[in-house]
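Engineer: Single-letter residue listing:
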Amino acid sequence: MSSLYIARSRQVAARELGGEMMIMSARDSTLFSLNDVATVIWQAADGQTPLDEIVERRVCAEFDVEPAEALKDAESLVRELEGHGILMVSETPVVSG
Amino acid sequence: KGRKPYRKPEVRYEKVF
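For the protein sequence lines, the chains are A and B, in the order given.
Mind the numbering: the first sequence is residues 1 to 97 in our numbering, read in order.
Mind the numbering: the second sequence is residues 1 to 17 in our numbering, read in order.
You may find that some hints are simply not true.
30 angstroms max Cα-Cα, derived DSBU-like pairs, lysine-lysine [claimed, not checked]:
| # | chain 1 | residue 1 | chain 2 | residue 2 |
| --- | --- | --- | --- | --- |
| 1 | B | 4 | A | 72 |
| 2 | A | 72 | B | 8 |
| 3 | A | 72 | B | 15 |
In short, the hints are calculated from the structure, not lab data.
Looking at chain A on its own, in the form it has when it is part of the complex (with noise of 0.2 angstroms):
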C-alpha cells in the first residue's frame, strides 16, 4: 500500500490544551478536540513525514500499542479529519505554500 501524507489546513486556529488539541476551523464555525493520540498525530502533520513513519517514531514511541493497529487507527481518524476539512491526506509530500 502507498504511503499517505497528512498536512494540517491552514483555515484553522489550534491550541493544546491540557494535552488535547482544541481546533477551530474558520471555514464553518466548528470546534474540534483531539484527543492525546490523535494529538500527537496532528502534530506531526508536516505533509512531508508518511503516516506509517509518525506511526511508528512518534505514537508507537509514546504509547504502548502495535505499529498495525495503530495504523489502522490513524488512518481511520486522518480520513474522518479530511472529511471535515481540516487536514490534508496525499498520496505524495504536501507541499505548503
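Go by the hints and put chain B onto chain A.
Structural biologist: What follows is chain B alone, placed relative to chain A:
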C-alpha cells in the same frame, strides 16, 4: 516500560454558532 496506555485516536466536534 515508559509508554502510556493507548487510546484509539478520536475527534469530537461541535458547531459553535
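Engineer: None of the hints should be skipped; say for each whether it holds.
Structural biologist: Hint-by-hint comparison with the structure:
1. B/4 - A/72: holds, 19 angstroms
2. A/72 - B/8: holds, 10 angstroms
3. A/72 - B/15: This hinted pair holds, its Cα atoms lying about 28 angstroms apart.
This entry satisfies every hint, going by the numbered hints stated previously.
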